[in-house]
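Engineer: Chain by chain, the residues:
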Amino acid sequence: MREALKQSIVKLDPRKLVRNPVMFTVEIGTAIMFIVCIGILQGDRSEGTFAYNFTVFIVLLLTLLFANFAEAIAEARGKAQANSLRKTREETPAKWINPMGEMYVDELTIVPSSQLKKGDKFLCEAGDIIPTDGEIIEGIATIDESAITGESAPVIRESGGDKSSVTGGTKVLSDRIVVQVTSEPGESFLDKMIALVEGASRQKTPNEIALTILLAGFTLVFIIVTITLKPFADFANTPITIAALISLFVCLIPTTIGGLLSAIGIAGMDRALRANVITKSGKAVETAGDIDVLLLDKTGTITIGNRKATAFYPSNGIDKNHFTKCVVLSSMSDDTPEGKSIIELAGINPSSYKIDNPRFIKFTAETRCSGIDFEQTQIRKGATDAIRRLSEAAGNIFPLDTQEAVKTISSNGGTPLVVSENNQVLGVIELQDIIKPGIQERFERLRKMGIKTVMVTGDNPLTAKFIAEKAGVDDFIAEAKPEDKMNYIKKEQSEGRLVAMMGDGTNDAPALAQADVGVAMNSGTQAAKEAGNMVDLDNDPTKLIEIVEIGKQLLMTRGTLTTFSIANDVAKYFAIIPALFIVAIPALQHLNIMHLHSPESAILSAVIFNAIIIPMLIPLALKGVTYKPIGASALLRRNLLIYGLGGILVPFIGIKAIDLIISLFI
Amino acid sequence: MNTELQGILLMFLLVIALGIPLGRYIGKIFNYEPTFLDKLFNPIDNIFFRFSGIDPRKEMNWKQHLIALLTINLVWFVFAMLALTNMSWLPLNPDGIPSMSADLAFNTSVSFITNTNLQHYSGESGMSYFGQLILMLWQFISAGTGIAICAVLFMAMKEKTSQTLGNFYSFFVRSCTRILFPIALVVAALLVFNGMPMTFEGKDAIQSLQGDSMQVSRGPVAAFVAIKHLGTNGGGFFGANSAHPFENPSYLTNVIEMVTQMLIPIAMIFALGYAINRRKMSWMIFGVMSIGFLLLAVPTVLQEMKGSPEINKLGITQPMGSMEGKEVRFGAAASGYWSIATTVISTGSVNAMHDSFTPLSGMNQMLAMMINSFYGGCGVGMLNFYIFIILAVFISGLMVGRTPELLGKKVEAKEMKIAMIIALLHPLMILAGTAIAASMPAYTASTLSNTGFHGFSQMLYEFTSSSANNGSGFEGLGDNTAFWNISCGIVMLLGRFLPIIGPIAIAGILAGKKYIPESNGTLKTDNSTFGLMVFAVIAIIAALSFFPALTLGPIAEYFTTL
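Protein chains in written order, with my numbering: chain A, 1 to 666; chain B, 667 to 1228.
Just chain A, same shape as in the assembly (with noise of 0.2 angstroms):
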């Protein structure tokens, strides 16, 4: 806070603030005034008091040091949310594996992780906390990402694969990994990303270049009112003040879009910042809030992890029991997900039976299917046309009803897993993906807000298709090969629409510098975050959503303040309008329609109000507008009502009730 006073000091620096131009002619307003009060205090009688004159000086230098301390905060607040990223990885002590040694080849050296450079390699050991960002060239290791993501589940991490990335400032917990540096000392994303914040890097993202045109062009139309009403006031006889013509041009330009713009484009990706995504630009942000078409894998983003067993269907005549112990005992030695699945599902814990002598049969690509051996049992699980090859050839008959059974876990979006005992059918286990919970509502949402989603799965067209029914997704690429989902992009942006992916392996990276918004896993390789615009740290793939709405509240915010701001200036004028001639023109009293108490009372207020409304809107600007998924004109309408009936009447009430108060010292 005490930085952001400061800095709302130092930004006074004409050659900072020209790049505003709105604030950039208050400050010019400011120094006129300035020059108006010594020249009363050197004796100028035509301008009135010094006392009114000073009052309005002080007001317009308040309404400037709002509007650099709403940019200023937003810095701050931005810059200390990296820091508390950036602190996780200061001074870590790194194994450097020195290629030119002292004594030998390839030597360990311990330095300061600051001094490693691109290209250096490091060994980190169970227990290590890992020095600065790299990609893993030898080993596997499993690490604690919680001091960057939050979560506590430790991840495995290897060479060669699409999970190669390691993140500074985590933690090896077991196994030893060499890893190579991937970018030079402070230029890692975070370091990039707080340079952006910082404002030193800070470009102009294109909409903000269009908004700044469009109130620039509002300030000329009001240096044009102003300076013309200067000969037609002396035409009419009615000398105007300096302070007047001044707090006239102040109050009628944007001062309060123009003060918020760069604190509004900030608090966005700040925003973005706070859902632990870490944007490349400004832009990236802004882009995310047009996106027409989303792209979403389905492990992980639409379905939970793996497929689980949903139901048990035993052949007609087959006890349910002894199924079940069949289905129990095939799973015992089974460690994937599903066969885990399997054993949660029949709620049996496989030692109860007590069995003596298992021989276990591992899973081949070949035989396709698994199993356990005991005594004289031979049961096994395994694909539909695996076992009823085993029983055939054991000149068994495939049960009708299995049969059926089978049929209809495959068009239900299921796989079905036929157990067979000694080469006789049982009955059939139906395996389903879980859909996550309120992933539909999510979807939904997106679909109001006019965003088609896409589905990007390896499973069969068969499958694909019932899956994204039931999760309603708009519509999917089924068994995808990474180029599918590059053509897809294309075809969708060469009809004109924009698209946001995610994606982590580097056979996604193409994909993922094509689409418009790329969201780079953190634990991706190297190469998919480089081709991203952004990077999310907690591998969250509905992260998507969350950053198409941060998108969108920032362009929602600049809208609404924007309408709001220029709203303003009709209680305004019927604020200084009437004190401007009133003296003159005493029949112009008709049109002080707030009954305000003098012609310096009445613009004092509006400057005031003009200076304070900054500061009291800097919390909306950081914390965006709320954006509603309801329709573009009903989002419109309500924004209207809101921003631009509200933005006309807020100030008749608040020039009144200031003007009540300053008639009380005046």
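In short, the hints are calculated from the structure, not lab data.
Watch out, some of these pointers could steer you wrong.
[To be verified] DSS-like mimics (lysine-lysine), calculated; alpha carbons at most 27 angstroms apart, straight line:
1) B:1190 with B:946
2) A:204 with B:1180
3) B:1080 with A:280
4) B:1179 with B:1083
[Unchecked claim] Facing chain B, from chain A, some residues (calculated, C-beta under 10 angstroms):
5) 216
6) 549
7) 554
8) 578
Keep in mind the model is a prediction, meaning the values are calculated, not measured.
By construction, the Cβ of each residue, glycine as well, lies at the ideal position given by its N, Cα and C atoms.
With chain A fixed as given, assemble chain B onto it according to the hints.
Structural biologist: Below, chain B without anything else, positioned relative to chain A:
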């Protein structure tokens, strides 16, 4: 309802009833769909094209369109200048009218090429029949130019990505031969049958009952008046314009002239919907424009019917309303209605003296021109409105959380820059022009017939009328001086061509952009919510720009007479 108001309602409903089918017809013409007049006009058009060596099928991009527009306007401007400065020895001058001075010829030529028809001369004494015919030609050309460039806008708003937008010469010829000429012919015939002169003979002499001899001016009036209104030109054959008994003999001709001047601006709204296949968009625009028009017209009519407060104060009843400067054959209501119609649409013809209206009616007339896009001039009204659509789309697009887009095209910084410059231009020219006039009493003080607030209004009105290419005047102003001729001439030129270049540039750039299909999140630009937004943007920009100036003019005048 009294008959005066019934007459107004009739005029309003009649123009809508005629405007909708005409709009459909205009839409067909620019989509090159067959119409029943093709057999007649195709050969005529072909003669023009063969004669001039123009290939009407050659597609042009937006820059080529603008170059074509400026070129033909420049050529005809030089021609008009030469004709007006040499009238005295040219044929068709039975009354021996002298040639114009250079500054008045400049002002008059500019005034007619820009569709303004601000007249710093009086037709009876300042213009030969040859000059009148040149001006009449201009009334066709400037209206045709407006319609043709508006057709380019329609082409640009279609649902596709395209660099080229049809052929300007073809649009221009089609506008003149298939729209303006046939309708003008019908209107002129109607006017002749209702007693309007149509002759090349010189002044007639009559003897009054008292025995005085009088010289009565006449000429090819009916033809002139038809295109003057149809093309929203407004330049009168006689100095008194449509208040003159030969230029507007009866209530019936008043109705005809009224309907004629509103016809094409209203038809263009519906032509847009037909041409780009978005009828709802037309109704949105029509709704916004009509509400704006009625908000100005209704109070004006009521105020004029109530009479002047000054006269009321004297204890004199005014059963006919405020009749100063009005014609008895039209009455206060129809004159009040006309004064708003002629200023909302950039016709600028008058059937009563605007200078004499009650202060707030005068303000409404000025507001109508300051806004300049409720219906607006022939074709160009739509271009002005398009700028406000762009601004409204930008702000409301942000408010629904998307970067703004209009009809599937993204509105970005470049378009905003152009839109803002054009939106800025109108207040700049009106306010800066008036400020210069107000601060140079050496040139202006002697030309004002009033001092104080009303004198200020006279100056403000003159620049507003010039910048809006309207052409009506607060006729108390003695405007035939070098100062007014040149300053208004420059304002008219800028006020005509920049607001044509700007919107066409925006539309042309947008047309070349990738088309984005609509989704649930896309802001609909053809419903009442968006209409409200456009209306708010127009009202707020006008109010914010002109409120202080109006306060020192009509508003102060109004309150001081209370």
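Engineer: None of the hints should be skipped; say for each whether it holds.
Structural biologist: Outcome of the hint check:
1. B:1190 with B:946: 10 angstroms, holds
2. A:204 with B:1180: Cα-Cα ~23 angstroms, so holds.
3. B:1080 with A:280: Satisfied, since the Cα-Cα distance of roughly 25 angstroms is no more than 27 angstroms.
4. B:1179 with B:1083: 17 angstroms, holds
5. 216: 7 angstroms, holds
6. 549: Since chain B brings a Cβ to about 9 angstroms from residue 549 (chain A), closer than 10 angstroms, the hint holds.
7. 554: Status holds, d = 8 angstroms.
8. 578: Holds - the Cβ of residue 578 (chain A) comes within 10 angstroms of chain B, reaching about 8 angstroms at its closest.
Checked against the numbered hints given earlier, the structure satisfies every one of them.
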